[in-house]
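Using the hints, position chain W against chain F.
Those sequence lines, one after another, are chains F and W.
Following this note's numbering, the numbering of the first sequence begins with 1 at its first residue and continues without gaps.
Following this note's numbering, the numbering of the second sequence begins with 140 at its first residue and continues without gaps.
In case anyone wonders, no lab produced these hints; they're calculated from the structure.
Cross-link-like lysine-lysine pairs, in silico, DSS-like; alpha carbons within 27 Å at most:
#1 W:Lys482 to W:Lys458
#2 W:Lys496 to F:Lys109
#3 W:Lys141 to W:Lys170
#4 F:Lys119 to F:Lys7
#5 W:Lys458 to W:Lys329
#6 W:Lys169 to F:Lys109
#7 W:Lys461 to W:Lys481
#8 F:Lys119 to W:Lys482
#9 F:Lys28 to F:Lys68
#10 W:Lys482 to F:Lys109
#11 F:Lys109 to W:Lys435
#12 W:Lys435 to W:Lys496
#13 F:Lys119 to W:Lys329
#14 F:Lys119 to F:Lys40
#15 W:Lys521 to W:Lys435
#16 F:Lys109 to W:Lys170
#17 W:Lys530 to W:Lys461
#18 W:Lys461 to W:Lys482
#19 F:Lys119 to F:Lys68
#20 W:Lys399 to W:Lys263
#21 W:Lys461 to W:Lys521
Far from chain W by the CB rule (all over 12 Å, computed), these chain F residues:
#22 Thr6
#23 Tyr12
#24 Lys15
#25 Ile22
#26 Asp31
#27 Ile33
#28 Asn35
#29 Arg38
#30 Asp52
#31 Ala62
#32 Asp71
Among chain W residues calculated to face chain F with C-beta under 8 Å, some are:
#33 Gly322
#34 Ser410
#35 Ala419
#36 Glu484
#37 Ser487
#38 Leu488
#39 Ser489
#40 Tyr491
Just so it is clear, CB atoms sit at the ideal spot from N, CA and C, and this is done for glycine as well.
In case you want the letters, here they are:
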Amino acid sequence: MSDMITKKLMLYFPKCECEKPIIYHLVKDHDLIVNIFRAKVTPEEEGHLVLDVTGTREAIDAGIEFIKTFDVTVSLTGIGVVREDDRCTHCGYCVPYCPTDALRVADDKTREVLYDETKCIECLACVRICPFGACTSTF
Amino acid sequence: MKTYEQINDRIESGTAVVLTADEIMDYVDKKGLEAAAKEVDVVTTATFGAMCSSGCFLNFGHSTPKIRMTEAWINDVLVYTGIAAVDVFLGATQIRHGDPANMYHPGDFRYGGGHVIEDLIAGKSLQLFALSYGTDCYPLREIRTQFTINDLNQATMVNPRNCYQNYNVGINNSDKTIYTYMGQLEPNQKNANYSSAGQLSPLLNDPFYDTIGVGTRVWLAGAHGHVYSEGTQHAGHCERTPGGVPTEGAGTLALTADMKQMNSEFVRGVSLRGYGVSLAMGVGVPIPILNEQILKRTCVRDRDILAPVIDYGHDYPQKTGKVVAQVNYEQLRSGQIQINGKKVEVGSLSSYHKANKIANILADEIRRGDFQLAKPIAALPKESSMKSLEKRGENS
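Next comes chain F alone, as it looks inside the complex (with noise of 0.2 Å):
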């Protein structure tokens, strides 16, 4: 089990491709451990999912061809909440409300907030009371 990694994947689904039980396929065909953070996925619009997928490399690279098998975009650095650093005024309000320390106060000297998007789950609250409306989500 030492080989095994985690990556955090953002998926893009066409208008076409929402009937397709994908997600199922990479647990059962390619031994893929799968945690969904965020789905929107309905018929006749365009969706989007973000998850992790823990397995061995060659597993999660195979799993990724399979993905793409389809009309479906995988993208390795895609995410799902984006901080806009202009509009952030480092006020700290966030930090709180975050549950996994994505975003924190860097340092006692200079206060500045920052943001780790691997630590992000996607729940939102950022995007949902920051002041200045720098959290956005892309869907």
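For chain W alone, coordinates are given in the frame of chain F:
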């Protein structure tokens, strides 16, 4: 020991010694008060946070034919037109026409007066829509046009209350989430929010208003403006620590400056979920080090400044005057305070990061000789206190 004239001479010659209120304590600890007071000319203070009592007067110039605006909206935000023909006042907390407000609670309040002010300063094109009943001298009945700040004759920010000396820490003792101007407060004291630059804040560095008064030149979002009056609700007579630091709201400043000189990085529209819109302002105020006592007071540290923790679930709205606890800003900035032995997570609505940036920008402007100090023409009152609104003439 030093006069405003001597300090200004040094500023003009580019030799003034300027430190920020964030730097001065360690400097004085190292040099000693007496030596530092001789050496340091100015300590810069600053704050950045929501300041609801802000707004601006705009003059549009005249259209052909002329209109005397009786109702007007900028980007669908109502402005006050009960003044001369093409003058309007735009207030920071005015919500947009058609905004459902809290009809679907909690409302989002995505756009309002504060956002219009930010967009104006950012140079964006805005829509003016104005109506009139028409007069012989002002026949036009309606106008709809686009404009930017450069098209205006004057855009003057006039803020009746900025820079509260100290402020409440909001907490919620009730059993449901509440949405306040102190942010979203979770039930049963789960979290708390504060809003002050603490040791960097202007009036906390001059607690008895020895140098900050009417006429003091200030840095307002990048423009050079001034204090035009005591701020509304100014209450110099207040509870203080033995060191003289107010332990409640206390003093306030009324500020004005030319918006055409401002930078939109420091003037930001604010949306507070379930509450409304506002404006976050960046303000810098220089303190001339005229003597040792003034320097000593600028050395105040976060741990010496106490803020009252107030229950916004009951005590604040019902005006009971009850204070749940007192905490200092060092504790608040740690992100966690203790209330009755229970740990409470703390967030900030004001930005120390931006305040520190402003204090450094102002310090640089003074060092370069670009910002001269102005001696106040009148002091802020020390003895005034807050009056209440009585409900009279009700049927009993």
